[in-house]
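S.K.: Residue numbers (the numbering used here), protein chains in the order written: chain F, 1 to 483; chain X, 1 to 231.
It should be emphasised that the hints constitute simulated quantities derived from the structure, not laboratory data.
One or more of the hints may lead you astray.
Stated by the list, open to error - Simulated pairs of lysine-lysine, DSSO-like, Cα-Cα distance not exceeding 30 angstroms: (1) Lys131/X / Lys397/F; (2) Lys331/F / Lys217/F; (3) Lys219/X / Lys371/F; (4) Lys139/X / Lys371/F; (5) Lys12/X / Lys153/F; (6) Lys170/X / Lys139/X; (7) Lys213/F / Lys331/F; (8) Lys219/X / Lys170/X; (9) Lys165/F / Lys155/X; (10) Lys170/X / Lys165/F; (11) Lys139/X / Lys397/F.
Said to hold, decoys possible - Derived contacts from chain X toward chain F, CB cut-off under 8 angstroms, selection only: (12) Ser136; (13) Glu185; (14) Gly210; (15) Glu213; (16) Gly216.
Just so we're clear, the structure is a prediction, and the values are computed from it rather than from any experiment.
Backbone N, C-alpha and C define an ideal beta-carbon position, used for all residues, glycine too.
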Amino acid sequence: MPKKITIEPVTRVEGHGKVTIKLDDEGLVRESRLHIVEFRGFERFVQGRPYWEAPVLVQRLCGICPVSHHLAAAKALDVIVGAGTGDGLTAVGDKMRRLMHMGQFFQSHVLHFFHLSSPDFLFGINADPAIRNVIGVIEHHKDLAVQGVMMRKYGQEVIFHTAGKKIHGTGAIPGGINKNLSIAERDLLLNGAAPLNADQMVEWSVAALDFFKAYHKSNQTMVDTFAEFESNHLSLVRKDGAMDLYNGVLRAVDTNGNVILDDVDCQDYDKYIEEEVRNWSYMKFPYLKHLGKEKGWYRVGPLARLNVCDFIPTPLAQKEFEEFKAYTHGKPNNMSLHYHWARLIETLHAAEEIRNLLNDPDLQNEDLVVKGERLDRGVGVIEAPRGTLFHHYEVNKDDQITMANLIVSTTNNNEPMNRAVNHTAKSFMNGQKEITEGMMNAVEVAIRAYDPCLSCATHAMGQMPLEMKLVDLNGNVIDSKIK
Amino acid sequence: MSNTIKFKIDGKEIVAEYGKTVIEAARENGVYIPTLCNFAGVPAKGGCRMCTIKINNRFMTSCTTPAAAGMEIENDTPEINALRKSIIELLFVSGNHFCPSCEKSGNCELQALAYRYQMMVPKYPYSFPVKEVDASSPKIIKDQNRCVLCQRCMKTIKTESGERYFAFSKRGADLEVIMDPELAEKMTDEIAQLAMDNCPVGSIIKKEIGFAEPIGTRKYDKEVIGTDIEG
């Protein structure tokens with residue numbers, strides 16, 4: 001008998017989503033979908049507000065990566081106040097924002113790996129869900145859990161000293177920043193009491209990478225084949241091809257590594273990217289215009305960034321990058337679980353970058369803000385932890401926002417996550433008589449690899465449960481499980 | 001005849017000059033009575049009711065009541081503070097006060113009072129009124145969502161010849177404080193700053209300076225409202 005399985009809500013991700021999987025008479029997967037069932041509407045209710053409120057207002061989309069929204073909005077408003085497109089700020093303005101951003105990257109990546117994903121690696125996808133969670137990690141792997149907590153704390157401290165608050169700060173303002181880093185703050189972050197100092201964070205980042213690589217070595221086939229599928233990849237890169245998570249130009253490569261978009265000015269993003277609306281999800285489906293809906297979808301986030309950039313400008317992360325690239329012989333890596341590998345390389349890069357920035361005396365400069373010719377349109381693009389994030393604002397002569405468009409990282413990954421769900425559902429459920437909790441978790445593991453933030457992506461209030469239903473093709477519920 | 005009088009607030013002896021209001025006498029003696037509409041240069045009118053006290057078992061506004069010898073006044077009591085908290089809650093639900101994105105956050109008297117009187121969530125339902133934002137002045141934004149109709153701007157922001165930049169418009173529940181468009185067009189930076197400073201909430205915001213003052217360094221980030229009086 002045909003069946004429909006619903007997983008609602010998806011757990012250990014940020015936000016609220018559900019998965020439906022339809023099985024035919026033979027128990028084969030006919031269709032699968034990741035539905036985003038939240039709705040928010042930030043683009044609408046910022047209309048009419050003064051433009052300088054955007055960086056502090058729109059960041060309320062999220063409590064995990066508000067810094068990304070804060071900075072993307074500030075970058076868009078830099079353009080509007082005539083401070084240029086990322087290269088016009090003062091040295092202290094640019095570097096304080098970069099430091100804030102690296103603090104954000106560090107804490108967010110650590111949160112995802114240690115708190116959300118490590119239970120799958122430590123206990124196994126099929127383990128008892130009563131243990132396979134962060135409390136289980138604390139009980140059975142205390143040192144690792146403490147390390148994760150302290151690493152996240154360090155990232156939050158960096159944000160606190162650059163943005164004024166650990167969550168939802170105000171550090172970035174149009175044209176610059178509102179504070180520099182005092183010597184006392186610098187010394188605290190650079191050489192604070194163990195373990196909260198920059199050297200320890202670099203050391204622990206290396207250890208986290210080693211942990212994942214050991215897991216990979218022991219589970220190579222599963223890690224490499226789990227939700228592996230071909231795709232395009234998009235990210236910001238520095239003009240010279242270096243990884244740059246804060247500023248740059250847009251570049252995309254196809255599954256073979258051919259460059260399909262290059263050196264695109266972020267102000268022109270809407271000439272190259274279109275969003276499709278589908279009636280079963282509040283999350284849109286972006287694609288590259290010139291390739292169309294069918295072929296133009298792409299991945300973003302850690303895996304995409306490592307596939308797109310030419311090198312990483314910090315030595316330890318570059319060494320890891322070279323090993324990562326060698327694994328696929330220099331070709332783009334399309335293995336979904338390798339997102340974790342890429343994410344941990346970026347974590348190391350963030351730790352190194354934090355240390356470098358803290359040693360930079362420009363952070364104590366006092367020329368915080370620049371302004372120039374006022375414009376009425378600005379686009380800010382940044383690499384958020386989960387991928388490329390677009391903020392676009394238009395402002396009237398009275399300084400009120402008249403239009404806002406946000407393409408959030410997770411939105412960019414909508415089609416890939418749906419593909420990952422489909423791939424995993426087929427691998428684990430095709431022809432099975434009974435749907436087990438482990439099979440459902442496998443679907444979640446695929447989604448989780450992308451570290452989606454569904455609240456950000458759909459701009460809705462979030463809860464975090466997951467429900468799965470088994471339904472026939474007529475919609476009759478055969479079986480359901482709620483977690 | 002002596003020019004001073006003596007009375008008590010919450011049992012503390014207050015010595016004041018004859019002719020002072022209760023709130024003036026209280027301030028001079030280090031006793032904090034909360035206010036919103038009461039402000040230097042604004043004739044006392046008992047509008048916001050925040051300064052309500054109890055004299056001889058009757059509720060009175062301390063900004064309009066002359067101090068008299070021998071008064072026994074209740075001020076910082078659970079009963080009166082609960083009433084004050086209710087007034088704050090009513091102000092919050094009757095407008096659209098979204099502190100997280102308000103430039104005045106940390107310098108806002110209404111927010112500071114909410115913290116002092118430990119408002120968590122208003123017990124009254126939000127009315128979410130539809131209000132306008134007048135951004136036509138080159139110097140300031142007048143946000144009706146946050147206006148508490150205190151009249152401080154109306155009474156203190158004037159041209160050298162005494163013309164008012166702000167005035168009441170409409171009546172009853174639709175009452176609002178609006179800008180004179182011609183004067184607002186010519187407003188100086190100094191007047192704009194004064195208007196923003198004198199506004200107890202975030203209804204008057206100077207343009208283009210949003211969030212330049214970091215969190216943690218703002219007035220009420222550092223001390224509870226009233227601390228300057230209480231010492």
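S.K.: State for each hint whether it applies.
M.R.: Status of the hints after comparison with the structure:
Between Lys131/X and Lys397/F the alpha-carbon distance is near 20 angstroms, which keeps this suggested pair within the 30 angstroms criterion. For the given pair, Lys331/F sits about 20 angstroms from Lys217/F by alpha-carbon distance, which is consistent with the 30 angstroms threshold. Restraint check: the Cα-Cα separation between Lys219/X and Lys371/F comes to about 27 angstroms, which is no more than 30 angstroms; the hinted pair holds. Our distance criterion of 30 angstroms between C-alpha atoms is met by Lys139/X and Lys371/F, whose separation comes to about 17 angstroms.
Of the supplied pair hints, the one linking Lys12/X and Lys153/F is violated, its CA atoms being roughly 48 angstroms apart against a limit of 30 angstroms. Between Lys170/X and Lys139/X the CA atoms are separated by roughly 24 angstroms; this keeps the pair inside 30 angstroms, and the hint holds. Using a Cα cut-off of 30 angstroms, the hinted pair Lys213/F and Lys331/F holds, with the two alpha carbons roughly 19 angstroms apart. A distance of roughly 34 angstroms separates the Cα atoms of Lys219/X and Lys170/X; the hinted pair therefore is violated under the 30 angstroms criterion.
The straight-line distance between the Cα atoms of Lys165/F and Lys155/X is roughly 37 angstroms, outside the 30 angstroms bound, and the hint therefore fails. Restraint check for Lys170/X and Lys165/F: not satisfied, since their Cα atoms lie roughly 41 angstroms apart, outside the 30 angstroms limit. The hinted pair formed by Lys139/X and Lys397/F meets the criterion: a straight-line CA distance of about 12 angstroms does not exceed 30 angstroms. With a least beta-carbon distance of about 6 angstroms to chain F, the hint placing Ser136/X at the interface is held under the 8 angstroms criterion.
Interface hint status for Glu185/X: violated, as the beta-carbon distance to the closest one in chain F is roughly 12 angstroms, over 8 angstroms. Annotation: interface hint on Gly210/X holds; nearest CB of chain F at approximately 3 angstroms, less than 8 angstroms. Against a cut-off of 8 angstroms between C-beta atoms, the interface hint on Glu213/X holds, since the closest Cβ of chain F lies about 7 angstroms away. Interface restraint check: Gly216/X against chain F, minimum CB-CB distance 6 angstroms, threshold 8 angstroms, status holds.
When the structure is compared with the earlier hints, violations turn up for hints 5, 8, 9, 10, 13 and for no others.
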